[in-house]
Each structure stands twice: as C-alpha cells, then as structure tokens.
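Each chain is listed here by its residues.
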Amino acid sequence: MKKKLSVGKILAQIFLVIWLVVCLFPLYWMFTMSLKDTNEIFGGNVVGLPTQWLWSNYASAWGSGGKVSTYLLNSVIDTFATLLLTSTFGFMSAYGLLRMRWKGQKVVFTYLLMGMMIPMHAALYPLTEILLTLTKTNWALIIPYTAFNIPITVLILSGFMSNIPYEMEEAACIDGSGIYRTAFTIILPMMVPALITAAIFVFLQVWNELLLATLFTTTPVRTLTVGIQQMSGQYQTDYGSMGAGLVIATLPTLVLYMCMSGQVQKSLVAGAVKG
Amino acid sequence: MKRVLSNKWSIAVFVLPTVLFFTYIVIVPIFKTLYYSLLNEIQAKVGDQSHFVGLENYIKMFTVGRRNTFPGAVVNSLLYAALSIFVQLPFSMFIALLLAGGVKGESAYRNTFFVPVVISSVVVSLLWQRIYKGMLPQAFEALNWTIPKNGFLGNKDTKIWFSFLPSLWQYVGYHMLLMYGALKSIPQDVLEAAKVDGAAGAKLAFRIQIPMIKPMLKVCLSFSLIGSFKLFDTPWILLERSNMDLPALSMYVEMFSNHKYSYASAQAMFIVVECLVFTVILNWLFREQKEGGKELKRG
Chain V
1 MKKKLSVGKI
11 LAQIFLVIWL
21 VVCLFPLYWM
31 FTMSLKDTNE
41 IFGGNVVGLP
51 TQWLWSNYAS
61 AWGSGGKVST
71 YLLNSVIDTF
81 ATLLLTSTFG
91 FMSAYGLLRM
101 RWKGQKVVFT
111 YLLMGMMIPM
121 HAALYPLTEI
131 LLTLTKTNWA
141 LIIPYTAFNI
151 PITVLILSGF
161 MSNIPYEMEE
171 AACIDGSGIY
181 RTAFTIILPM
191 MVPALITAAI
201 FVFLQVWNEL
211 LLATLFTTTP
221 VRTLTVGIQQ
231 MSGQYQTDYG
241 SMGAGLVIAT
251 LPTLVLYMCM
261 SGQVQKSLVA
271 GAVKG
Chain H
1001 MKRVLSNKWS
1011 IAVFVLPTVL
1021 FFTYIVIVPI
1031 FKTLYYSLLN
1041 EIQAKVGDQS
1051 HFVGLENYIK
1061 MFTVGRRNTF
1071 PGAVVNSLLY
1081 AALSIFVQLP
1091 FSMFIALLLA
1101 GGVKGESAYR
1111 NTFFVPVVIS
1121 SVVVSLLWQR
1131 IYKGMLPQAF
1141 EALNWTIPKN
1151 GFLGNKDTKI
1161 WFSFLPSLWQ
1171 YVGYHMLLMY
1181 GALKSIPQDV
1191 LEAAKVDGAA
1201 GAKLAFRIQI
1211 PMIKPMLKVC
1221 LSFSLIGSFK
1231 LFDTPWILLE
1241 RSNMDLPALS
1251 MYVEMFSNHK
1261 YSYASAQAMF
1271 IVVECLVFTV
1281 ILNWLFREQK
1291 EGGKELKRG
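Line by line, the protein sequences are chains V and H. Taking the numbering used here, the leading residue of the first sequence gets 1, the next gets one more, and so forth. Taking the numbering used here, the leading residue of the second sequence gets 1001, the next gets one more, and so forth.
Just so you know, the hints here were simulated from the structure itself, not pulled from any lab data. Warning: the hint list may mix true and false statements.
Said to hold, decoys possible - Chain H side only, calculated, beta carbon under 8 Å to chain V, not exhaustive: (1) Leu-1005; (2) Ser-1006; (3) Asn-1007; (4) Ser-1010; (5) Ile-1011; (6) Phe-1014; (7) Val-1015; (8) Phe-1021; (9) Thr-1033; (10) Val-1118; (11) Arg-1130; (12) Met-1135; (13) Gly-1227.
Unchecked claim - To spell it out: a stretch of chain H is covered by chain V in this simulated footprint if at least three of its residues, at any positions, have a beta carbon under 8 Å from a beta carbon of chain V; those stretches are: (14) 1023 to 1031; (15) 1051 to 1062; (16) 1150 to 1160; (17) 1173 to 1186; (18) 1213 to 1226.
For clarity, every value in this text was computed on a predicted model and none was experimentally measured. Using N, Cα and C, we set each Cβ at its ideal position, and we do this for glycine too.
With the rest of the complex left out, here is chain V (with noise of 0.2 Å):
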C-alpha cells in the first residue's frame, strides 16, 4: 500500500514538473533570445544560452532602433493614471453607493455592475468619435480604460466596505466630522487592502491591452504592447531587439508578482469572481 502511494507521488512530480518547465520555457526563451543576434536566433541556436551575450540588444531596443524607452514611459503614464482615477472614482462612488442611504441605491449599483458584462468591442466604433481628438494625448486611453475598469474597481470595493461597522460612522458623526471628512479619513485608510487588490487587477488588465491601444495611439503615446508588436512587423526585424522590448515590457509585471505574488494571485481571483 505504501509503496504504491509513493509511485504516484513520483509520477505526480514528474507531471507537476514537466508543466513547471512548459510554463517557463517561453520565459527562458525570452531572456535568452534577447541577448543573442538574429543569425543564432534563426541559425543554429535557437534554443540554447547565447554564445556571446549581446547586452548591447538593449541599448537598441531602448533608443535607436526601437523606441522602447517612449513606450515604457507612456505605459506607466497610462497605468498609473488610470490606477490613480479608477481608485478615486471607485472609491467614492462605492462609499456612496453603499454607506450612505438613498432610495435607487441598488439601482445605480446594479447599473455599475453591469459595466462588466459587457465587453469593450461592443463600444469601439462609437469610442472612436469621441476619442478621435485625443489620440495625441495619453488620455486617450486613459478615459477607456478608467470607465471600463469602475465596475470592477466598485465591486472589490463594495465587498470589503460593506464589511465595516456602521459604528465608524456613527461615532463620526457624534464627534462632529461631517460626511467627507468621515468617507476621506476614517474609512479610505480602513479600505486600503481592498484598494490594493483592485488596483493590481486594473494594473495588469490596463498594462496588457492591446485592441484599444492599437486604435487609440499615435506614434508618440505609444505603449508598450502596440509598440512590440509593431516592432515584430517591420520589414527587417531586429529580432534580439525586439527579444529585450519584450523583456522590459514584462519586468514590471514579473517583479511585482515575485514580490508579492500572493497578493497578485488574491486580486486575479477577485477580479475573476465576479459572475
């Protein structure tokens, strides 16, 4: 009896690292083609360690062949702008949503929630009259992605909010704190983790577009996803550049999951949960 158990065991580890390989071997790719030039990429070394490790793919893929450092640099813009709205908006919408007491308060959440089921294609056409003026400016995509990003950012939020005490208000109230001073320095900083979690999900969501990015960008508030994959189109592909744009595009996220990769996982499953 025991000893079967332990065979499968083995063959269970074998499995579980087998798939461990699988799920990292696009990453040892990437790292290990963005420091080789485009004869061993497509010759006799696609798979191995670079033989000579050209660091100098970089420098190219930041300045001058590739434009990797405006692009970063409109990402993070966009991202953070984003971060900085949907957590405002959500914020304040939640805490009237489900703190304060009004008739059609249900009504109005609902309304908010329903944001979710409804994917981005259905309102591309019509998106594209409006934010046709900006496609200059960063706001161009920040607008989209913040109004799509509120009904999850409100769903997070309302489900931790709910969960403080009234009492935070009440006894506010009683020491002379009006509504904003109450929503603004008792409950946001209660509501933290919960801004936390949100955010994370938007960060990943809003750093990953693609289809809105490709529509609503000129060449100088490109970002990093429109950009790479314009890279990978030219005529003459500098494929080791391109190797290090991808690199610097997944950094940020890759290091904010190995730092806190519990946390990611938390705000994935919340985003994911809302049916």
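Once you've looked at the hints, dock chain H against the given chain V.
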C-alpha cells in the same frame, strides 16, 4: 446621523461623477453601436439619421455564402470554447486536485504555474510566434516529422488551432488557481469523513471535491466562454493581419480596414448578445444544480 448619510448633495458628489462618466464612455457607445447596426452603410458613415434598414445587417451576417466569413468565425470561436472547456479546464482541474491534495512543493508549483497569467498576451503571442517559426520546425526536422505545409501559422486548415494554443496554455494557471482556491476551502472534516468511507483518488475527486466546487466551475466556464467570444490579441498577432477567423477579428477588420461601420456594428452587437446569452444559460444551468445540492444536504 441619518440626515448626514442621506444628504442629497453629498450623495451626488460621491456618486454622480462616476455614473455620468461611466454612462458617457461605456453605456452610450453601446447604444450607439446598436443604432449604427440598424442603419445602412452610407448613413452610418456620414452620421445621417432617417434611413433604417432594420435587421438587414444581421441577416447579411448569417447569410451563408462564399464571401461571408462571419459564420465560420463564430464556429471557430465555439471550437475555441470547446477546447477550453473540454481540454483546458479538465487539465487545470487535474493540476488543482494534485496540488490541493498536498504534494511536496505545493505553493512553489502553484506560484510558478500562475506566471504566464501575469504576462501580457502580446508578449506571449510574440514568443509563441518565434516558437512556431523558429524552434518547432527545427525540432520537427530533427525528429523527421512532417511540418504542416506553409508552416504552422500559414496552413489554411491548421493555423487556427495553432493560434489557439498560446492562450489555452497561458490561462491554465488562472483556472488552476481558481479551482485550487475552491478546493482548499472544502472543510477538512468533509474530506476526512469521505476518506473514512473509503473514497480516495478519482472517486474522492468526482464524488466529493468536484461537486463541491460547482460555483467556482461556473466562474471558470463563463471565463472560458466569454473569453472565447472576445478572443483577439493572440490570433491577431499570430495570423496574418487581414484575417477574419474569429468574431472579434472579423468585426475589427470590417470596421477599421473595410470601413463597413454598420455591418461591423452588427457583428459587435452579436458578440455582446452572445456573451449575455451564454451568461444567462450558465446561470440557469447552475441554479438547477444548487437546488439539487440543497436537497442532498437535507437528505
């Protein structure tokens, strides 16, 4: 107290900006899309009202003809959904069960399997593109296997399958994590009781564990289905630019390359309706099961 919490002014300050902004950017455009989908091409282009063609665009969408690629695109998205549901989900479930059952290195495996999920689908697609064009042909040659004619992404009959693979691969970790979390929240005494009754391995999984995480399976299923209708990034990067092999791609090309705004709007509306219909179906399916579960508990 009550007066403070019911102050109309403060409620408006808290809620109104979000609602207005959300309405203007998300809700109004959807109704506009619906409206455009009922116009004929010229009207939609110049923004002239007055000429409705009713459901003509929708009928055109599903008129089977040699030049109409949309029905094929829908079939492809259903193929992806089927692959996701019948291959990806069971595979993820298998991993989740292994991990939740307690193996050595449980959390290390879990954390690593989740890595592909946080990477941009653009990066994933570009990496797989190099794998299809660089690594796999070499490997196939070395093994003396036949490579599909025109390569993995150029063959008319097989390219769609290869374009599905990257996102199927990428999201195994997501489903695995969702299922793993649900499995871990099954009370320990239930599992103990089942084990005392002689349930182990597959029996334990199929009789106890999987039925108990049905709510999470619903989440995974709707994620798979809706994801398959919206699938865009991976096939757009992997296949040639003008391809219309999936609904979202078809809509994109009709809209922004062919400038058939009203026809493309009809396709967009179809994607929305498809998502809603499948959500309703899933809710209905799983509501039945919940009632069944209650009865079981009572018995």
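Do the hints match the structure? See the list:
1. The restraint placing Leu-1005 of chain H at the interface with chain V holds, with a minimum CB-CB distance near 5 Å, inside the 8 Å limit.
2. Interface hint status for Ser-1006 of chain H: upheld, as the beta-carbon distance to the closest one in chain V is roughly 5 Å, under 8 Å.
3. With a least beta-carbon distance of about 7 Å to chain V, the hint placing Asn-1007 of chain H at the interface is held under the 8 Å criterion.
4. At its closest, the beta carbon of Ser-1010 of chain H sits 5 Å from a beta carbon of chain V; the interface hint therefore holds under the 8 Å criterion.
5. At a threshold of 8 Å, the smallest CB-CB gap from Ile-1011 of chain H to chain V is about 5 Å, leaving the interface hint in force.
6. Residue-level restraint check for Phe-1014 of chain H holds (minimum Cβ-Cβ distance to chain V is 3 Å; threshold 8 Å).
7. Hint status for Val-1015 of chain H relative to chain V: holds, with the closest Cβ pair at about 4 Å, below 8 Å.
8. Contact between Phe-1021 of chain H and chain V, as hinted, is supported at the beta carbon level, the nearest pair being about 6 Å apart and thus within 8 Å.
9. For Thr-1033 of chain H, the interface hint holds, since its Cβ comes within 8 Å of a Cβ in chain V; the closest pair sits about 5 Å apart.
10. Interface restraint check for Val-1118 of chain H: the shortest CB-CB distance to chain V comes to about 5 Å, inside 8 Å, so the restraint holds.
11. The beta carbon of Arg-1130 of chain H is positioned within 8 Å of a beta carbon in chain V (closest approach about 7 Å), and the interface hint is therefore held.
12. Interface restraint check: Met-1135 of chain H against chain V, minimum CB-CB distance 5 Å, threshold 8 Å, status holds.
13. Violation of the interface hint for Gly-1227 of chain H is found here, the shortest Cβ-Cβ separation to chain V being roughly 10 Å, above the 8 Å cut-off.
14. Residues of the segment 1023 to 1031 of chain H with a Cβ under 8 Å from some Cβ of chain V number 7, which satisfies the need for three, so the listed coverage holds.
15. With 0 residues bearing a CB less than 8 Å from a CB of chain V, the segment 1051 to 1062 of chain H misses the requirement of three and the coverage assertion fails.
16. Coverage of the segment 1150 to 1160 of chain H by chain V is violated [criterion: at least 3 residues with CB-CB distance below 8 Å; count 0].
17. Coverage of the segment 1173 to 1186 of chain H by chain V holds. Counting CB-CB distances below 8 Å, 5 residues qualify, and the rule asks for three or more.
18. With a threshold of 8 Å between beta carbons, the proposed coverage of the segment 1213 to 1226 of chain H by chain V holds, since 6 of its residues qualify and at least three are required.
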